[in-house]
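Chemist: Knowing the structure of chain G, use the given hints to seat chain H on it.
Number of protein chains: 2
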Amino acid sequence: MARVTILDSTLRDGAQGEGISFSVQDKLNIVRLLDSLGVDYVEAGNPGSNPKDMEFFREAAHLTLGRAKLAAFGPTRRVGIEASRDEGLKSLLGVGTETVVIFGKSWDFHVSHVLKASLDENLAMIADSCAYAAAAGRRVIYDAEHFFDGYAANPDYAIRTLAAAIGGGASCVALCDTNGGSLPGWVGELTAAVARKFGPEVAVGIHAHNDSGLAVANSLAAVGAGASHVQGCLAGFGERCGNANLSTIIADLRLKMGVDCLQPDSLSLLSLTARSVAEIANIVFDESTPFVGRHAFAHKAGMHVDAVVKNPRSFEHVDPPLVGNERRILVSEVGGRSVILDRVKRVYPEATKDSPLVAQVLSKLKEMERFGYQFEGADASLDLLLMKVTGTYKPFFRLSKYRTIGEQPSGDAARCAQATVKIEVEGVEEVSVAEGDGPVHALDLALRKALERFYPSLSAMRLTDYKVRVLDSASAAAATVRVFIESSDTVDSWTTVGVSTDIIEASWIALVDSIEFKLIKDMDKSREASDGKEKSSHVA
Amino acid sequence: MARVTILDSTLRDGAQGEGISFSVQDKLNIVRLLDSLGVDYVEAGNPGSNPKDMEFFREAAHLTLGRAKLAAFGPTRRVGIEASRDEGLKSLLGVGTETVVIFGKSWDFHVSHVLKASLDENLAMIADSCAYAAAAGRRVIYDAEHFFDGYAANPDYAIRTLAAAIGGGASCVALCDTNGGSLPGWVGELTAAVARKFGPEVAVGIHAHNDSGLAVANSLAAVGAGASHVQGCLAGFGERCGNANLSTIIADLRLKMGVDCLQPDSLSLLSLTARSVAEIANIVFDESTPFVGRHAFAHKAGMHVDAVVKNPRSFEHVDPPLVGNERRILVSEVGGRSVILDRVKRVYPEATKDSPLVAQVLSKLKEMERFGYQFEGADASLDLLLMKVTGTYKPFFRLSKYRTIGEQPSGDAARCAQATVKIEVEGVEEVSVAEGDGPVHALDLALRKALERFYPSLSAMRLTDYKVRVLDSASAAAATVRVFIESSDTVDSWTTVGVSTDIIEASWIALVDSIEFKLIKDMDKSREASDGKEKSSHVA
Chain G
1 MARVTILDST LRDGAQGEGI SFSVQDKLNI VRLLDSLGVD YVEAGNPGSN
51 PKDMEFFREA AHLTLGRAKL AAFGPTRRVG IEASRDEGLK SLLGVGTETV
101 VIFGKSWDFH VSHVLKASLD ENLAMIADSC AYAAAAGRRV IYDAEHFFDG
151 YAANPDYAIR TLAAAIGGGA SCVALCDTNG GSLPGWVGEL TAAVARKFGP
201 EVAVGIHAHN DSGLAVANSL AAVGAGASHV QGCLAGFGER CGNANLSTII
251 ADLRLKMGVD CLQPDSLSLL SLTARSVAEI ANIVFDESTP FVGRHAFAHK
301 AGMHVDAVVK NPRSFEHVDP PLVGNERRIL VSEVGGRSVI LDRVKRVYPE
351 ATKDSPLVAQ VLSKLKEMER FGYQFEGADA SLDLLLMKVT GTYKPFFRLS
401 KYRTIGEQPS GDAARCAQAT VKIEVEGVEE VSVAEGDGPV HALDLALRKA
451 LERFYPSLSA MRLTDYKVRV LDSASAAAAT VRVFIESSDT VDSWTTVGVS
501 TDIIEASWIA LVDSIEFKLI KDMDKSREAS DGKEKSSHVA
Chain H
1 MARVTILDST LRDGAQGEGI SFSVQDKLNI VRLLDSLGVD YVEAGNPGSN
51 PKDMEFFREA AHLTLGRAKL AAFGPTRRVG IEASRDEGLK SLLGVGTETV
101 VIFGKSWDFH VSHVLKASLD ENLAMIADSC AYAAAAGRRV IYDAEHFFDG
151 YAANPDYAIR TLAAAIGGGA SCVALCDTNG GSLPGWVGEL TAAVARKFGP
201 EVAVGIHAHN DSGLAVANSL AAVGAGASHV QGCLAGFGER CGNANLSTII
251 ADLRLKMGVD CLQPDSLSLL SLTARSVAEI ANIVFDESTP FVGRHAFAHK
301 AGMHVDAVVK NPRSFEHVDP PLVGNERRIL VSEVGGRSVI LDRVKRVYPE
351 ATKDSPLVAQ VLSKLKEMER FGYQFEGADA SLDLLLMKVT GTYKPFFRLS
401 KYRTIGEQPS GDAARCAQAT VKIEVEGVEE VSVAEGDGPV HALDLALRKA
451 LERFYPSLSA MRLTDYKVRV LDSASAAAAT VRVFIESSDT VDSWTTVGVS
501 TDIIEASWIA LVDSIEFKLI KDMDKSREAS DGKEKSSHVA
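Protein chains in written order, with the numbering used here: chain G, 1 to 540; chain H, 1 to 540.
If we strip away everything but chain G, and leave its shape as in the complex, we get:
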C-alpha cells in the first residue's frame, strides 16, 4: 500500500482563519492531540513573524511526542540579504525544530509585483535559504507558494523554483494552490509532471485551499498522481474558505483509495480529535463535516430511516465506528412514526405504530417544533415530553415564584445578579436566594439550593454546557431564544431544551427539565436495585 505523510497546519495556516486566536497553552494541547492521532508533522508557527510563537516553541521543547515532529515555518531570506544574516531565517532555525518548512514564490507575477525582485534573485533566495537550513542539519520541506497559478503563467520558471529548492537541499517540495482556484484535473496533471521530473528521491507534496470547494478533491487528485505528502488542517480551518480538511482527506485516503497514512488505529480517533481541536480553537464545529460531524451518519427522512434499520449499508457509505463516529436516528415530523414509536416504547412498552398515543405525541411534537423547540439532541427533554403526553409524568416540585434581579453598578463585579426562588414539595414550602455571575447562573444556584433539602442526590449533578441560539434574530432583543443545557452526574450526561422570548425563562425551562430528568433517573435506578433486573425506562 502506498504511504503518504501528513502535515497538519492548524496552528500556523489554520490560525489565519477568521475568529481563531490560539494561546500558547491551546497550541500545546493541540500538538498533543495531533501526536496521539499519529500525524507526521505539526507545523506549529512562524517564529519570525509572531513573538508568541517563539514562546510556544520554547515550551514545546519539553513535550514528549510519539510520531509527530514539530515544524517551524518561515519565508526565504529577504531580497539582497545573505541567508546567514537574515533575521527571519535565524528565528526559523533558532527555535530548534528538526524539520523546517520554508516557503517561497513560484509565480513570476508575485516575484515582480509583490516581492519586487528579479526572477533570478528569487531563485537564489530559494536555493540559499534551503541550503542554509540543510547545512544546519534540518530536514527541509519547501512550500512552493502559488505553484499552480505560477505554472499556468510561466511553466518553465515555476519548475526552476522547485529545482532551486531541491538543489539547495529540500527533501520535499509541496505544491501550493495558495489562492484555492485550481481544478482537480490541473492539479493532478502538474503533480504527475513534477513527480516524474523530481521523484522518487524528492517527495512531492500538496497544499490545497478550499476557495473553489475543491481542496479535498485536489489533494486526492495529487495523491493519485504521485504526491506522497499532504498538508492541511484537521478541522479545515484556515484563511478565507479554509485549508484542505485533513479529517476528510485521511478518511478518503484510507477507506476509499487504500492509501496508508497515520497509524493503523488512528482512524477511530478521527472524530474525537477533530472535534477537540475545534473546541480548543473555540470554533463551533461544523456538524455536517464528512465522516466526523454529528450529522454525518444522522438519518431523518422516514424512508431512509426504515432502510438503515433494515441494513445500514443502504444509506451509509462507510461504517461510522471506523472513523470514531456513530449512527443517529433523528426525531422530527419528517422522521415518521417508527422513530417516535421507538421512543414511546421506552415509556409505554406496549405501544404499537397505530396507538393513538403515537399520533398524540407526533401532534404535540409538531406543535412544539412550530414554537421553536428542537428535540434533535435534547433527548432528556423529549423523554419528559413523552411522559407528559402519556400521563406518566409527576412533577417533583411546584414553582410558586421566581424573581431575578440584575443591577449595575452591583458593588460586586463577579456576582452582579440575584435570584430568589419559592417552591413547594408535597405541601412544604421553601424559599431560597443566591447570587450569580448573571441571572441564569443565580437562578440555577437558587433552585438547587431550595431543592437539595428534599432531593440530596442533586448535589452530584452539574451543568456542563450551556448554549443559546437566537431563532428570529431579526426581532433583535425581543427575539425567541432556544437554550440547550447539558448536565451530568458521575454516571450519565443528558441534554434539555427550553424556548422563550425571555432568555431567563428559556433557561429556566431547560434547567427544570434537567433536574427532573436526574430525579426520575435516580428513582428508576433505585427501583431497579430493589426490583432486581427490571430495565430502566428513562435513561437515554
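Just so you know, these hints were derived from the structure itself, not from any lab.
The structure displayed is predicted, hence computed values, not measured ones.
Heads up, some of the hints might be wrong.
A pair counts as met if it fits within one copy or between any two copies, since identical chains are not told apart.
Below, in silico cross-link-like pairs of lysine-lysine (DSS-like), each with a Cα-Cα straight-line distance of 25 Å or less [claimed, not checked]:
(1) Lys353 / Lys364
(2) Lys345 / Lys388
(3) Lys52 / Lys353
(4) Lys116 / Lys310
(5) Lys394 / Lys449
Modeler: Relative to chain G, chain H alone:
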C-alpha cells in the same frame, strides 16, 4: 459554450437536513428567490409523503415565475400496483407541475433487500411510472438512486434501469450518488459511459451528496464527462453532510470551466441569494462557504493583507463582485499594523505606522481579545474603542444605575421582565422604566426612553439583529457570553459587541455602543452639513 440546466432541491432533499423545517410561506419565499437567480427547476416537495407539500403546491400555483419550473418529486409505483392506481403517482401528478422527478432503484441490493421486489418487477416499476407521467404530458426527470454503487455491484442491471426509464419516456436521467461515497474519477467514467450510450437525445444529470467531501468535485467531473443537468441545493443543505452545494458549483462552472448556466446576470446575485435561503431556513450560514461566504474574500495574515492591497489578484482567485461578494480586511493581532493604521486614520488622519497611538491601540485590542472580544464584524465598537484610546471619545450620558427584574409567574406572559434605568446628561438626571419580553428587551426600551428626551434622533434607530455566542460553554450558566447587536436607521447599519459573564451586562455594553455610535454619526453629519464638504470620520 456548453449549457447545463440547474435543479435546486433545497425544498425537498435540503429539507431532510438536520435542524431544517420549512413552513409553506418559507417555501414560497425560497421559490421566488431561486427564480430570480435563474434556476431552471425548483424541486419543491414530495406530495405523496408530506401533506404540507400538497398545501404548498396549491399556493405555488398562483406564483408568477420567470425561468424556473416547479417540479414535484416522488417514487416509482409500488410493487404489484398498477401505475394508474398508485396513490403516490396520483399525488405526484395531482399537484399539476409541468415537470415531475420520479426516483427509482438502480442498485440490485436495494431492490432485493429494501424494496423486496424481483429485479424485473423493479424495471417494470420504473418504466410504468415514467410512462404514466409522460402519457399525462409531463416532462419526466428520472433520478437513478444509488446509480454509482449499483453500477459497481451490477453494471448491466444499473444500465437497464436507465434504459427502462428512458423507454418509459424520461427525457433526463440523473445519476445519483445517494450515499455520497463515490470518487470523482469513478463518477466521471460512468457519466461518460452513460452519455455515450443514451445521449444526446436524453440529458444526463448528476445528483451528488457530500459524505466524502467531494460533492462539488463529483458534479464538476460529471459535467466534464458530458452531463448537462446538475442537481443540488443552493446553500448545500441536505441530509447527513448535505447535497452538492450549488452556489459553489455554479461559480465553478461559470468562472472556472466556461460552462453556461442560469442567466448572464445571475452570478452577481449568488451571495445574497444563498444567504437569504439560509436565513429563511433559519440555519446559521457557513461564512467559509466558497465564493459566497463573508470569509471567502477576507484577509487576515499581515503579509496577505499587504499583497492584496498592492494587487488583489495576488491572493484572490476570482474578483469578489463577480459573485456578489466583497473583499474584507480583518482587524486582529495577526492583521498587522497597516490594518490598524487604516482604522486609526479615520479618527486621527495624521497617524503613521510608527505612531505610538497605533501601538497603544494594538495593545488595547489584544487585551480585549484575550477577554473574549472580537472586533471582526463589529466595526462600530472598534471605532468607539479607537476614540477611547486616542482620547477623542466623550460620553453622551452617564449611567447611575440599571436594574432588571424577571419574574414568574409574571401575570403578563408577553412582558415578563421589567427594567429601570437612571442616567445623567450634563447634570440632568432621568429615570425611566419599561417592560419587555425579557430583561434585555426591557433594558433596551428603558434606556432609549430615558435618552430620547435629550437625543430625539434616537427614535429613528432600531435594533435589527441580536446574536449570542457562549464562549466557554463548559462553564455552563457562569460562562462568558459575547453579544453582537446590529442596528440601523434610515441611512446606515452598524454592529457592536459586548462581552461579560452576565448576558444582560454583555447586551448592555453592545447596546450603549450602538446608541453612542448613532449619536456620533449624527453629530458628524450635522457638522458636515454646516462645514460644507468635510468628510465624516466615523461612518464605516
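Chemist: State for each hint whether it applies.
Modeler: Evaluated hints:
no.	hint	result
1	Lys353 / Lys364	within (16 Å within a copy, 62 Å between copies)
2	Lys345 / Lys388	within (14 Å within a copy, 62 Å between copies)
3	Lys52 / Lys353	between (61 Å within a copy, 21 Å between copies)
4	Lys116 / Lys310	between (65 Å within a copy, 11 Å between copies)
5	Lys394 / Lys449	within (21 Å within a copy, 45 Å between copies)
Going down the numbered hints, you'll see the structure goes against none, and every one checks out.
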